[in-house]
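Work out the full structure, taking the sequences as your base and the hints as a guide.
Residue numbers (my numbering): -11 to 208.
If a hint is listed, it holds; no wrong ones were tucked in.
Distance windows between CB atoms, simulated:
{"hint": "1", "residue 1": "T199", "residue 2": "Q61", "range": "16 to 24 Å"}
{"hint": "2", "residue 1": "R40", "residue 2": "E158", "range": "36 to 44 Å"}
{"hint": "3", "residue 1": "L95", "residue 2": "K162", "range": "23 to 31 Å"}
Here are the computed lysine-lysine pairs in the DSS-like style, where the Cα-Cα straight-line distance is at most 25 Å:
{"hint": "4", "residue 1": "K121", "residue 2": "K75"}
{"hint": "5", "residue 1": "K178", "residue 2": "K107"}
{"hint": "6", "residue 1": "K37", "residue 2": "K178"}
{"hint": "7", "residue 1": "K107", "residue 2": "K153"}
{"hint": "8", "residue 1": "K107", "residue 2": "K162"}
{"hint": "9", "residue 1": "K48", "residue 2": "K75"}
{"hint": "10", "residue 1": "K178", "residue 2": "K75"}
{"hint": "11", "residue 1": "K166", "residue 2": "K107"}
{"hint": "12", "residue 1": "K34", "residue 2": "K121"}
{"hint": "13", "residue 1": "K153", "residue 2": "K166"}
If you're looking for bench data, these hints aren't it; they were derived computationally from the structure.
Being a predicted model, the structure only gives us computed values, none of them experimental.
Ideal Cβ placement from N, Cα and C applies to all residues, glycine included.
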Amino acid sequence: MATREAFIQELEGLNQELNAMSQMVQDAIDSSFQALTEHNEELAQKVIKGDRDVDNMERKIETHCLMLMLKQQPVASDLRHISTALKVVTDLERMGDQAADIADLSLRLEDADISLVSKHLPAMVANVKTMVKDAIHAFTQRDTETAETFEQRDDLIDAFFERVKREVIEFLKKDGDKSDVAVDLLMVAKYLERIADHAVNVCEWTEFSDTGAVGDVMIL
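And the structure:
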């Protein structure tokens, strides 16, 4: 097999690993919120323990990227894709951490009915999970058009956070004795907002991978 063809296959393998890690994070987000809404301690513990698998996948992808740089002589566009993949896995790993943080909060909220506090959290979760999926797809497919939509999508998540915050304030006015529940649910929304911010980072790296520039500054 020609060297270039072999290298293209290696890049495809790297993209598959990124997609697999992304799916792990999406599943963790789903499961952590399910644990929260269903008071499922076993599922919460599974997410928390599963964060080690996300960490292991991060190290595997980092090793793959470094081996590609050392063993191959990638052209500039491929080098950008590999070097930015190293940044992307860091964002994915942090998303996994935040999903685990939500699972940890669910253990403290074992008796709380979140529907009494916030009606917007489920929609916020759904939008964040889709952002993670679309961000990694944009990166692996080098889809800058999709990447460019993420600032607007992040604004939607910020709006969701503000709605949840208002709901929490209203809840506290009615039931001040449950301030710990309200604060923990607001933290859940904050972790979701941070996950969305990391998805935006992935899309910014997608644009860098395509152009070699961050904003107006040419880097590579």
